[in-house]
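Engineer: The lines below spell out each chain.
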Amino acid sequence: MRTMLFTQAIDEAIAQAMAEDPRIVLFGEDTPLLRRELLVRFGPRRVRGAPISESAFLGAGVAAAMAGLRPVVEIYMADFLGVCMDALLNHAAKVEAFSGGKWTAPVVVRAPCGGGYGDGGQHEQSLWGWLAHIPGLTVLVPSTPADAGGLMLAALRHDGPVIFLEHKLLSEAWLEFLGLGGRRTVKYDVPPEGAKGPVPKTWEPLPIGKAVLRRAGHDMTFVSVGVGVHRAIEAADALEKEGISAGVMDLRTVSPLDKPAICEAVAKTGRLLVVDEDYEAFGLSGELSAVVAEAGISCKYARICTRTTIPYARYLEDRCLPHKPGIMESARRLMKS
Amino acid sequence: MLPDLWSLYALMLRSRLLEEAIAKLWHDGLISGEMHLGTGEEAINAGVVAHLREGDAMALDHRGTAPLMMRGADPVLILREVLGRPEGLCGGKGGHMHLFSKEHLSASSGIVGASGPTAAGFALAGQYLCPGAVAVAFFGEGAMNQGMMLESMNLASAWKLPVVFVCKDDGWAITATSKTMTGGDIKERARGFGIPATDVNGLDVSEVWKAAGSAIESARSGQGPSFLQARCVHFEGHFLGFQLIRLVRNPLKEMSKISIPLIRSFLRPGGAGWRARWAGMKTVLKATLSTWRDPRRDQDSDPIRRMRIALQSDPSRLKELEDKMGKDIHDALASALEGVPS
Chain A
34 MRTMLFTQAI DEAIAQAMAE DPRIVLFGED TPLLRRELLV RFGPRRVRGA
84 PISESAFLGA GVAAAMAGLR PVVEIYMADF LGVCMDALLN HAAKVEAFSG
134 GKWTAPVVVR APCGGGYGDG GQHEQSLWGW LAHIPGLTVL VPSTPADAGG
184 LMLAALRHDG PVIFLEHKLL SEAWLEFLGL GGRRTVKYDV PPEGAKGPVP
234 KTWEPLPIGK AVLRRAGHDM TFVSVGVGVH RAIEAADALE KEGISAGVMD
284 LRTVSPLDKP AICEAVAKTG RLLVVDEDYE AFGLSGELSA VVAEAGISCK
334 YARICTRTTI PYARYLEDRC LPHKPGIMES ARRLMKS
Chain B
379 MLPDLWSLYA LMLRSRLLEE AIAKLWHDGL ISGEMHLGTG EEAINAGVVA
429 HLREGDAMAL DHRGTAPLMM RGADPVLILR EVLGRPEGLC GGKGGHMHLF
479 SKEHLSASSG IVGASGPTAA GFALAGQYLC PGAVAVAFFG EGAMNQGMML
529 ESMNLASAWK LPVVFVCKDD GWAITATSKT MTGGDIKERA RGFGIPATDV
579 NGLDVSEVWK AAGSAIESAR SGQGPSFLQA RCVHFEGHFL GFQLIRLVRN
629 PLKEMSKISI PLIRSFLRPG GAGWRARWAG MKTVLKATLS TWRDPRRDQD
679 SDPIRRMRIA LQSDPSRLKE LEDKMGKDIH DALASALEGV PS
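Protein chains in written order, with the working numbering: chain A, 34 to 370; chain B, 379 to 720.
Please note that the accuracy of each hint is not assured.
To be verified - Straight-line Cα separation of at most 20 Å, SDA-like style, residue types lysine to any residue; simulated pairs:
#, chain 1, residue 1, chain 2, residue 2
1, B, Lys402, B, Phe644
2, B, Lys664, A, Pro84
3, A, Lys292, A, Ala323
4, B, Lys557, B, Gly525
5, B, Lys702, B, Leu383
6, B, Lys557, A, Pro77
7, B, Lys631, A, Arg216
8, B, Lys635, B, Gln601
9, B, Lys557, A, Leu66
10, A, Lys333, A, Met368
11, B, Lys565, A, Pro84
12, B, Lys635, A, Lys333
13, A, Lys301, A, Ser322
14, B, Lys635, A, Arg217
Everything labelled a hint here was simulated from the structure, so no lab data went into it.
I would like the entire structure built from these sequences, with the hints used as guidance.
Structural biologist: Dropping the structure here:
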């Protein structure tokens with residue numbers, strides 16, 4: 034078994050797909066240098082740099098996908114989707130419905146997301162709930178290198194628009210580019226299992242919409258995505274010593290949700306604790322409570338999410354984003370209720 | 379009217395020293411994430427900000443620290459903000475890319491091009507609430523490809539808004555040279571919206587001061603927006619720790635990290651033919667070589683150095699000024715660091 038870093042795994046999976054499928058092209062701001070290893074293997078026709086014109090190049094990516102290419106459009110950060118949301122909200126997401134199911138836009142939008150390195154509230158948002166709110170968009174949020182590569186391959190083969198969110202705290206490349214900048218004087222709380230891990234020799238696509246149970250437990254079920262999965266596992270390991278047995282489910286796909294797996298796990302434990310780095314109100318955490326309620330499952334419910342604009346100061350940010358002590362405290366309360 | 383070079387130099391030097399102090403804090407790990415400095419664009423900031431008065435507004439980009447201090451924000455509060463302290467300018471919640479000072483009608487954004495609509499809105503409010511006031515938009519030439527910036531220019535022209543669009547052109551849009559990403563001439567774009575556009579040497583504070591003065595005067599008197607293209611350099615590249623700059627400063631150390639995976643991928647079976655692969659490799663080499671040769675490495679591109687040469691005619695006054703500025707920032711830093719564990 035070989036091991037890989039998170040972003041290395043994604044780029045490797047893309048390389049494998051590009052070697053097999055000449056329709057795959059990559060573009061975005063700084064893509065030639067950020068993806069230089071793909072550039073020197075596949076050439077400048079397939080790895081292009083774009084001006085700082087997100088509305089234009091994302092919109093163009095959507096239409097190029099409709100016309101037969103398989104573009105991977107890179108947006109510098111998920112936050113910057115705010116600049117070009119129209120291409121996703123009113124176009125990519127609508128093509129299949131408007132054409133009566135006869136036409137789709139198989140574009141992959143790759144964007145780093147998430148916080149934990151002190152970049153402030155305009156550069157550290159998660160936004161998967163906001164994106165998943167729109168019918169017609171598939172939203173993937175991997176938490177390990179193996180899942181990241183496998184889901185990227187699935188995204189490249191999927192026949193509709195896919196948003197692929199790459200958490201910056203897991204990505205060696207983004208954390209070095211935006212955080213460390215060659216320094217050894219700063220530290221980030223990087224989950225080791227998420228940043229580096231075993232990957233298959235040849236990439237196979239992972240099924241979209243399939244959650245995985247990362248840790249078994251009979252008292253309650255933690256449900257999360259991205260870095261939250263690792264925070265939840267750390268909390269569950271610590272809670273074990275207190276006699277609380279928590280299972281951890283990694284959704285991997287935010288839209289479509291793996292409703293059967295969620296319901297099965299929560300029905301068994303009777304307690305659901307959502308750990309979600311995205312905003313609390315009107316998002317994934319509320320959606321999960323609706324999923325179990327609609328299935329007629331009665332359970333105790335709590336959530337640990339981001340409630341405010343993410344503050345710049347690291348000590349404030351650490352308190353704002355879901356963290357181990359907060360998850361543990363919430364789990365203890367859930368046990369008692 | 380002639381500019382007061384001494385007071386302009388004081389603004390520029392204070393800003394340089396403040397940003398050097400911030401760079402040190404970043405290198406020491408007291409600042410965690412990205413840090414975009416305006417070192418190299420002091421002459422532009424000073425030449426524009428020196429004209430502003432009560433009621434005028436500034437829409438700042440991700441390099442807003444320097445113009446905000448020049449406008450009057452307390453350097454101690456700015457330093458505390460970038461250190462993430464509760465007593466900072468924004469309570470440690472904004473950081474350098476999101477600096478806000480209501481008192482100075484100044485707002486920053488880390489979204490490229492966002493200063494366009496913000497300046498237009500400040501100018502619009504000024505027309506109702508403070509006639510004669512102007513709004514300045516600071517941005518880089520990369521932002522000239524952002525839709526909202528071009529839309530704002532049209533809006534400002536159509537509504538005759540008192541906006542001065544200040545394009546700080548360093549020739550680089552992050553890791554890409556702007557000329558490879560930009561069609562046509564950006565001044566012609568402004569002129570296409572009916573906005574008068576001027577090219578100024580952004581390293582020469584007198585030149586900027588004169589051009590900004592007439593643009594601001596024209597906006598104040600109801601003539602509508604103007605556009606300045608001021609060329610400059612950013613010595614640290616896009617932000618501190620910028621890979622391309624590190625590569626040319628320390629090629630042996632940085633090259634080995636990059637070149638091994640690059641060569642491995644270049645030789646990997648499956649993919650394009652050799653011609654396309656070589657074209658890809660040339661793109662990487664070209665970016666590195668452009669950094670190697672570019673004016674960011676040339677001392678003559680330093681606006682501070684140019685001013686010092688110009689003011690050498692009175693060395694004792696120069697020394698007095700520099701000592702005072704050095705002490706001011708030194709004291710500000712000491713005050714900002716009080717209570718911070720070393």
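Engineer: For each hint, tell me whether it holds in the structure or not.
Structural biologist: Going through the hints against the structure:
no. : hint                  : in the structure
1   : Lys402/B <-> Phe644/B : violated, 38 Å
2   : Lys664/B <-> Pro84/A  : holds, 18 Å
3   : Lys292/A <-> Ala323/A : holds, 10 Å
4   : Lys557/B <-> Gly525/B : holds, 18 Å
5   : Lys702/B <-> Leu383/B : holds, 16 Å
6   : Lys557/B <-> Pro77/A  : holds, 17 Å
7   : Lys631/B <-> Arg216/A : holds, 13 Å
8   : Lys635/B <-> Gln601/B : violated, 55 Å
9   : Lys557/B <-> Leu66/A  : holds, 17 Å
10  : Lys333/A <-> Met368/A : holds, 9 Å
11  : Lys565/B <-> Pro84/A  : holds, 17 Å
12  : Lys635/B <-> Lys333/A : violated, 50 Å
13  : Lys301/A <-> Ser322/A : holds, 15 Å
14  : Lys635/B <-> Arg217/A : holds, 16 Å
Taken one by one, the earlier hints fail for this structure at numbers 1, 8 and 12, listed in ascending order.
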